[in-house]
Amino acid sequence: MMLFLLLLPALIMFVMSLYKNDKAKRILSFTSFAILLPMIKLFLLPKPYHIWGDYLIADGLNTYILLVSSIVGIGVTLALLTLDKHVKVSPNAYRRFYRFFAIFWIGLMFSILSNNMGIYWIGLELATLSTVYMIKTNHSSSAHKEAWNYMIVGAIAISLVLFGIILIYASAKPILGEDAMSFNLLLAHAKDIKSPFLFEIGFAIVSVGMFVKMGFFPMNLWLANIERASFYPVAALFSGILESAVIVGFFRFSKIAMEVNYDHLFIFIFTYTLLTIFIVSFLIFRAKDFMRLFSLSGIEHMALIALFWVSGGTFAALLHFGAHAFLKPALFLSTGVLESNGKYKIAGALKGYKGKKGTMFWFLVSLFLLAIISLPPSPMFFSELYGFGAMIAIAKKSDHLLAMIGAILFLLILLSVIFYRFVAIYQSMKYEGEKNEKRVYPSELFSLVIFALSLMALLLPITFDYLKGIS
Amino acid sequence: MIDFLIGLFLATLIISLFTTRLYGLLLWYSLNSLTLGLLALFIGHELDDMAMLITGIVTILIKTIGIPYILKNLSQKFHFVRQINPEIKVQYAIMLIPAILVFTFYLSEPITQMINENNNYIAISISSLFLSLLLMMEHKNIAPKIIGFLSMENALFLLGITATDGMPMLVEFGIFLDLLMAIVVMNLLFHNEEAKV
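Line order of the protein sequences matches chains U and Y.
Residues 444 to 914 (our numbering) are what the first sequence spells out, left to right.
Residues 666 to 862 (our numbering) are what the second sequence spells out, left to right.
Bear in mind the hints are in silico, worked out from the structure with no lab data behind them.
Certain hints may be false.
[What the hints assert, rightly or not] Computed Cβ-Cβ distance ranges for the label pairs, DEER-style:
| hint | chain 1 | residue 1 | chain 2 | residue 2 | range |
| --- | --- | --- | --- | --- | --- |
| 1 | Y | A676 | U | M701 | 51 to 61 Å |
| 2 | Y | K805 | U | P534 | 26 to 36 Å |
| 3 | Y | P763 | U | G496 | 41 to 51 Å |
| 4 | U | F907 | Y | N806 | 34 to 44 Å |
| 5 | Y | F743 | U | F447 | 36 to 46 Å |
| 6 | Y | Q748 | U | N627 | 46 to 56 Å |
| 7 | U | F725 | Y | Y771 | 29 to 39 Å |
[What the hints assert, rightly or not] Stretch-level coverage of chain Y by chain U, calculated; a stretch enters the list once three of its residues show a Cβ under 8 Å from a Cβ in chain U:
| hint | region |
| --- | --- |
| 8 | 719-730 |
| 9 | 748-758 |
| 10 | 813-822 |
Ideal Cβ placement from N, Cα and C applies to all residues, glycine included.
Put together the whole structure using the sequences plus the hints.
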């Protein structure tokens with residue numbers, strides 16, 4: 444029953460998209476709110492709650508991530524109402540977008556809630572494939588090329604994940620039998636795995652597959668190019684929902700890997716994420732349009748989340764994740780307005796807004812822009828403080844405290860490059876360029892307000908307590 | 666018999682790397698899937714595993730008959746280029762393919778040591794994975810890239826059968842479902858009717 448209620452908004456969306464009625468989309472944006480009811484119920488239920496046997500289990504971690512991605516889903520459906528006002532899209536393509544969005548949502552819900560590696564993979568694959576068509580909704584030749592690009596690179600990434608899952612399954616099957624697919628049983632018996640090397644190879648391959656999907660080194664620009672070529676809600680879905688599902692898988696797999704051999708895991712992830720942030724910070728420095736800028740900044744945040752998580756900073760990672768998942772979709776959705784006059788122009792993007800709606804829009808976008816570079820009181824500021832604290836705490840237990848302090852300083856230098864670039868961009872948006880009038884629609888503003896309120900909710904003591912309770 | 670089939674699996678994949686015609690490639694993919702299906706049937710029979718027998722039959726039905734048939738129809742509908750010349754010249758490919766095989770056998774040695782039975786099969790399935798990637802890389806056209814992706818799925822399937830004695834039934838059916846979804850999405854991608862906004 445709970446599963447049905449959770450899937451209901453997506454199912455309604457799928458069915459409604461089959462009707463050729465323009466008013467249908469108005470109903471759709473409100474049906475997405477229906478997901479909040481089962482979500483509240485899920486929060487109140489004792490954890491772990493078995494939604495579908497041992498296959499789908501809700502615990503503290505995935506309930507939080509599901510809530511975050513549901514709010515993003517609501518925000519995106521609201522912003523989708525005015526997609527045709529900003530870009531050229533045929534009614535047929537519009538309906539297909541909704542249809543594939545529904546499939547995407549269903550797939551990711553299965554992924555986020557799954558306690559089974561196989562179901563996790565199936566959900567992720569379903570979402571990947573449905574995204575291909577969402578990219579194709581834009582009928583430009585570059586979007587067509589990037590849709591194929593996504594299909595092929597995404598398929599390779601997802602195949603790597605499956606490859607790793609098979610190896611992990613093979614390593615644990617002698618002790619667990621067919622239950623070796625369950626995350627919770629794998630975690631409980633991680634120390635008994637007879638061939639840890641096989642598990643670690645499997646984990647490394649799964650991680651690389653996931654990192655490719657999130658745009659880590661060496662695939663830093665492929666996601667940015669795809670997001671540039673597709674319509675802006677696709678980018679919001681990528682950063683808010685798809686990456687949530689990928690990172691929840693990373694959390695689960697790395698939790699088991701921590702039990703198998705913590706040192707190997709830490710060195711692998713530490714090197715990988717540091718390398719990614721190093722490259723991404725300079726790519727951000729050279730970014731010349733909003734989509735690429737936000738996309739690259741998203742990669743930086745995902746790398747930080749992975750780094751904090753493996754350093755034992757669960758709270759920091761989850762807080763950073765929440766902030767990222769609300770800020771990035773909000774900014775991606777606002778590019779629809781920011782780029783409405785003169786494509787890709789950064790200079791003057793925050794000028795030319797009239798009335799209360801306009802003023803509120805540019806004010807919110809300014810806040811979001813300053814929040815992603817961790818200016819207090821952004822949740823990112825606190826998460827980074829806690830995250831670096833966790834890194835120091837983990838180094839204290841080893842003999843590498845100085846090396847860790849050096850690494851953190853290096854990281855701070857890279858983050859300051861990003862900081863500098865964002866401040867320069869903000870100034871250019873506000874004080875340079877020509878003043879062109881831009882129109883803001885109520886539904887877009889409403890979705891931004893939802894994101895802003897959710898961000899504020901992240902800073903509440905009750906949220907802090909909940910996140911600290913997740914181990 | 667299993668050794669023979671697994672050899673045939675690899676052979677069909679290697680031949681598909683040299684194919685210059687689209688329909689030929691479809692035929693080799695179909696045979697590749699057929700050997701995979703038969704392998705699942707034989708191994709399932711040996712282990713007395715009902716789930717694997719069902720998977721074998723479904724593999725033959727979907728991958729040997731269904732997918733090549735759909736792809737052939739798509740290629741006729743959307744007029745694919747049927748002359749598909751690999752970007753890597755034959756003389757280099759002849760050197761590259763054995764090198765990949767030797768490399769993967771060497772690379773997978775630590776893994777194969779940990780799995781008692783069928784350890785050569787695992788090395789072969791990992792090398793098939795690399796060969797499928799090569800198939801994707803050596804062509805510029807979309808159709809052979811799709812076949813490369815599908816062959817990669819086959820290689821992973823083989824790995825699942827040999828390394829773990831079969832994945833759980835639910836997961837295998839999920840993978841089939843995703844494969845069918847992939848075909849639907851590809852069909853939509855080829856559709857250009859909507860291009861007129």
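Structure-based check of all given hints:
| no. | hint | in the structure |
| --- | --- | --- |
| 1 | Y:A676 to U:M701: 51 to 61 Å | violated, 43 Å |
| 2 | Y:K805 to U:P534: 26 to 36 Å | holds, 35 Å |
| 3 | Y:P763 to U:G496: 41 to 51 Å | holds, 47 Å |
| 4 | U:F907 to Y:N806: 34 to 44 Å | violated, 54 Å |
| 5 | Y:F743 to U:F447: 36 to 46 Å | holds, 39 Å |
| 6 | Y:Q748 to U:N627: 46 to 56 Å | holds, 53 Å |
| 7 | U:F725 to Y:Y771: 29 to 39 Å | holds, 37 Å |
| 8 | 719-730 | violated (count 0) |
| 9 | 748-758 | violated (count 0) |
| 10 | 813-822 | holds (count 4) |
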